[in-house]
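Participant: Okay, here's what each chain looks like letter by letter:
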Amino acid sequence: MDQNLKIELGKQGVFITTIQELYNWGRRSSVWPMNFGLACCAIEMIATTMARYDIARFGAEVFRASPRQADLMIISGTVTKKMAPQVVRLYNQMGEPRYAIAMGACAISGGPFKQGYNVLKGIDRYIPIDVHIPGCPPRPEALLQAFMTLQKKIDGQRLTGEGRPSFLDAGAQGEFPIPEFGEHDLEPPCNRLVWPAPAVIR
Amino acid sequence: MTSSVYFSLAVLFVVALCFGLTPLALAWLWAKVFAPPKPNALKNATYECGLVSKGDAWIRFHPAYYLYAIIFLIFDVEAVFLLPFAVSFTGLGVAACIAMLVFVLLLIEGLAWAWAKGVLTWA
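Chains as they are written, first to last, in the numbering used here: chain R, 601 to 802; chain B, -18 to 104.
Excised from the complex, chain R in its bound form (with noise of 0.2 Å):
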């Protein structure tokens, strides 16, 4: 639909949308995010939910317990390798449509503490990540602009056809495989299909 042609019409008073739009409209304002704070990103994802940085007036009104009802996983924080197997655990008991939004250093790549033995070096190494946001802690105002960049991809996301996303492919994968402790490392180190490691050029 020609946006100009849009604009026409509403200044006279008629609403052409379809129903994708519609269906993403209703699905980007209503994100509710899940109770999943790990370290100091927490505190910042805390201080978005409180008064000055409110991020209820985007959408995510209530954060809820439980992952059954939540939309969104706002990883906030260092995920150690004891951690790791939750965090897929849960993420994998999250219905289907979900985000994940790895907050802060520690989320995206294992942060400052990146030489530590137990830091699992990125939590996209086992589930699909939507956003990053870099900082250490990001500010709030970052977490409310990854929110809105989460927004805009709800947005973009195709109904039907090829492009369309994991939840309303039935083929699409669903099921990430938990690691296990192993004697160093998680079994296995990463996810291939959700994290295809670069080649090492020696």
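Hints in this document: simulated from the structure, not taken from any laboratory. Just so we're clear, the structure is a prediction, and the values are computed from it rather than from any experiment. Hints are not guaranteed to be accurate.
Computed, partial: chain B to chain R, Cβ under 10 Å [unchecked claim]: (1) A16; (2) K24; (3) Y28.
Result set (DSS-like, lysine-lysine): computed pairs, CA atoms no more than 30 Å apart in a straight line [claimed, not checked]: (4) R/K681 / R/K714; (5) B/K98 / R/K682; (6) B/K24 / R/K752; (7) R/K682 / B/K19; (8) B/K19 / R/K681; (9) R/K753 / R/K611; (10) R/K752 / R/K721; (11) R/K681 / R/K721; (12) R/K721 / R/K753; (13) R/K681 / B/K35; (14) B/K19 / B/K35; (15) B/K24 / R/K721; (16) R/K752 / R/K611; (17) R/K606 / R/K753; (18) R/K752 / B/K19; (19) R/K752 / B/K13; (20) B/K24 / B/K35; (21) B/K35 / R/K682; (22) B/K24 / R/K753; (23) R/K606 / R/K752; (24) B/K19 / R/K753; (25) B/K13 / R/K753; (26) R/K682 / R/K721; (27) B/K24 / B/K13; (28) R/K681 / B/K24; (29) R/K714 / R/K682.
Over 12 Å on every C-beta distance to chain B, these chain R residues come out as not near it, computed from the model [said to hold, decoys possible]: (30) G610; (31) V614; (32) A665; (33) Q751; (34) D755; (35) F776; (36) L786; (37) P796.
Ideal Cβ positions, reconstructed from N, Cα and C, are used throughout, including at glycine.
Given chain R, work out where chain B should sit, using these hints.
Facilitator: Just chain B now, kept in the frame of chain R:
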């Protein structure tokens, strides 16, 4: 039929039913067309804060909860039963009053127990 006194009520009932059922039907249709169900073992696993849950959920609860059951009986169930009795008090015979007295006395015994246990005062 249009002249019946309850016709407008019937119309209202049908409309209210449709008001409730139509969104459900539309959601079911939408799910059938657009949202394929994708259950798997990990998704349907019991939620326990990310941990693996072992064993049954039918555990034995602490018997201290019996006090809450007694207090609920006295202050909720007895009140509900006393209300119709109070409304039709003057039209009943002696036998009904005696039966009600037995009922109230039993629950007063429970109230006395709870009182003696000290649950009615703030700690």
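Participant: Name the hints, by number, that the structure is in violation of.
Facilitator: 5, 32, 35
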